[in-house]
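**Q** Sequence:
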Amino acid sequence: SAGVSSGGGNESTPPPKDTPPPPPPGPINLSVDFGGNFESGKYDLDTNYQKNINDKVTEIVNFIKGKKLKNFKLVITPGESRVPNQAPFKEPGSLAAKRGEILKGYLTIALKNALSIDPQIEVSQPIIGKTEWDPKLGKDNDVYKKDQFVRVSVVITA
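Heads up, the final residue of the sequence shown is numbered 1551 in our numbering, and it's a clean run with no missing numbers.
Derived by calculation from the structure, the hints in this document are not laboratory data. Among the hints, erroneous ones may be present.
No farther apart than 30 Å at their CA atoms in a straight line, the calculated lysine-lysine pairs in the DSS-like style are these [stated by the list, open to error]:
id: 1; residue 1: K1538; residue 2: K1435
id: 2; residue 1: K1529; residue 2: K1449
id: 3; residue 1: K1444; residue 2: K1529
id: 4; residue 1: K1539; residue 2: K1444
Small disclaimer: the values here were computed from a predicted structure and weren't measured.
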């Protein structure tokens, strides 16, 4: 029977539904979240978390040194939940953006000191969480906490 396929045909299996989204462009080798280092509604890095912040900076520095990276940039991706913020951050995303800028300034100095370079750092558009605000849940609910991040990724540029 010449026309019957023996299984080696072109039946393509669809990918499973829960495939993770594709990674951002450029190979990322390290991603560190500084989100837990900000008090709720605040944009300054909280000095109570100084050790944690230093540890995360050290992690980034060690990664760059360990890989002997020359051509790389840091991409800061701030995220914000739908918990309403106080003025001057009533505009959704504005608090996350401000946190991104603050962290950029901090990392610029920290990496300059640690690596003797002027790091290339960009802050991407804030990502607003999908979970609608529900006062019954309260601002400290985990559904909102997971949307509150300030992720720093090391991206190879060459």
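**Q** Hints broken by the structure, by number, lowest first?
**A** 2, 3
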